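Using the hints, put the two chains back together into the complex; each one sits in its own frame.
Protein sequences appear in the order of chains U and G. Residue numbers for the first sequence follow the working numbering, beginning at 2 and rising by one. Residue numbers for the second sequence follow the working numbering, beginning at 573 and rising by one.
It is worth saying that the hints were derived from the structure and are not from the lab. All values derive from a computational prediction rather than experimental measurement. Each residue gets a CB set at the ideal place from its N, CA and C atoms; glycine is no exception. Hints may contain errors.
Some chain G residues close to chain U (C-beta under 10 Å, calculated; not the full set) [unchecked claim]: (1) Val583; (2) Glu674; (3) Gly681.
Non-contacting residues of chain U with respect to chain G, defined by C-beta distances greater than 12 Å in every case (computed) [claimed, not checked]: (4) Ala14; (5) Arg16; (6) Asp19; (7) Gly29; (8) Gly60; (9) Arg65; (10) Phe66; (11) Lys79; (12) Val116.
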Amino acid sequence: GAGVSQSPRYKVAKRGQDVALRCDPISGHVSLFWYQQALGQGPEFLTYFQNEAQLDKSGLPSDRFFAERPEGSVSTLKIQRTQQEDSAVYLCASSLNSPRDLYEQYFGPGTRLTVT
Amino acid sequence: AQSVTQLDSQVPVFEEAPVELRCNYSSSVSVYLFWYVQYPNQGLQLLLKYLSGSTLVKGINGFEAEFNKSQTSFHLRKPSVHISDTAEYFCAVSDLTQGGSEKLVFGKGTKLTVNP
Chain U
2 GAGVSQSPRY KVAKRGQDVA LRCDPISGHV SLFWYQQALG QGPEFLTYFQ NEAQLDKSGL
62 PSDRFFAERP EGSVSTLKIQ RTQQEDSAVY LCASSLNSPR DLYEQYFGPG TRLTVT
Chain G
573 AQSVTQLDSQ VPVFEEAPVE LRCNYSSSVS VYLFWYVQYP NQGLQLLLKY LSGSTLVKGI
633 NGFEAEFNKS QTSFHLRKPS VHISDTAEYF CAVSDLTQGG SEKLVFGKGT KLTVNP
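Just chain G, same shape as in the assembly (with noise of 0.2 Å):
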């Protein structure tokens, strides 16, 4: 079964630093992936995925995210974050070897907390 490993579980980083949230998926031979953002008693909401193609793929909020198939990895960075990007972000991915099932698979998630 597919599986999620998000490396960190808090972040800290300073206003307008750079941030890298790491994430790692068990080997597949088809996936698609995604990174969600989770505001405090809200639903998830959708920053980016990776279906096909290129290989770096830009999201809202200025986030972006690269697709290493020999790493099995797509982390989320972001150059330059804001206090307002203070959350929770869940990497997911959805394992079409599984007879094309929509079904997401979650990492345990990262808190980032952005400090002035």
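Bound-form chain U, shown alone (with noise of 0.2 Å):
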């Protein structure tokens, strides 16, 4: 079956200019999330949704990121202005919010992000 697809898987942006990063989740699961990934380290926890509702952005490091989800299905990371420390592989997950699978999250395979 599908699994979540992201897209670009690649993207080079120079200094300043805005971006915008796709997620497409399984279908059918409530849950997304966003996160960060730096090189050689783990990943970080930028955004949380359940269906449209934004319910943690504590993670997005300045007002230059922005997230939305507006049907509860797709989602967008948006990095307005984006500055060489962006640079980073942007993960996405989804999961349902079923007893069974609860905190089983399905990762897509990234976005990488490379600010020149």
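Structural data, given as structure tokens:
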């Protein structure tokens, strides 16, 4: 079956440009997460949606980062005025909100963002 | 805030040898614990999880982990590794005391290299 997909897989942006990263979760998954993975590090939480509601955005590093999930399915992570420190792999994950699958997050392949 | 420590950044091992990847987390009343594997240029795949019950958890690909509450550890083990187990392994925790948020806190990862 189809897993979590992300696009683009690779993105090169010049410093100061805006970028938009897309995540298509597994159909029917209620919860959606964004994580940032810097080179040689573990993923770090950015933000969390339950359906269209953004319930936790405590991990967004600055107000240049913005995420949305307007219809409770596809999500977009937008980074405005990119900086070199934004270079990382951005991972999206989704999960069902059922007791059996509680906390089991399915990850996409990630978008590798390089800011030059 | 919850934190996860993976004590070894790199673990080289010969094929068919046993391996243990160590993980410690900061103390909390209730936690869920996970091990994920990441192959090059791919997203994270869940190996196993501890939610409750038996402290010995069996996962995919012959891996198992033991939850030790007194030592706040969740070490990953495999009795005999294969070349195909070469990958990065991440330990993660979900802290139930943080208002029930499902977000995961990851360690920095352990790169397992299996040599012939």
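Results of checking the hints against the structure:
no.	hint	in the structure
1	Val583	violated (15 Å)
2	Glu674	holds (6 Å)
3	Gly681	holds (5 Å)
4	Ala14	holds (20 Å)
5	Arg16	holds (25 Å)
6	Asp19	holds (25 Å)
7	Gly29	holds (16 Å)
8	Gly60	violated (8 Å)
9	Arg65	holds (21 Å)
10	Phe66	holds (16 Å)
11	Lys79	holds (20 Å)
12	Val116	holds (19 Å)
Hint compliance for this structure: hints 1 and 8 are not met, and every other hint is.
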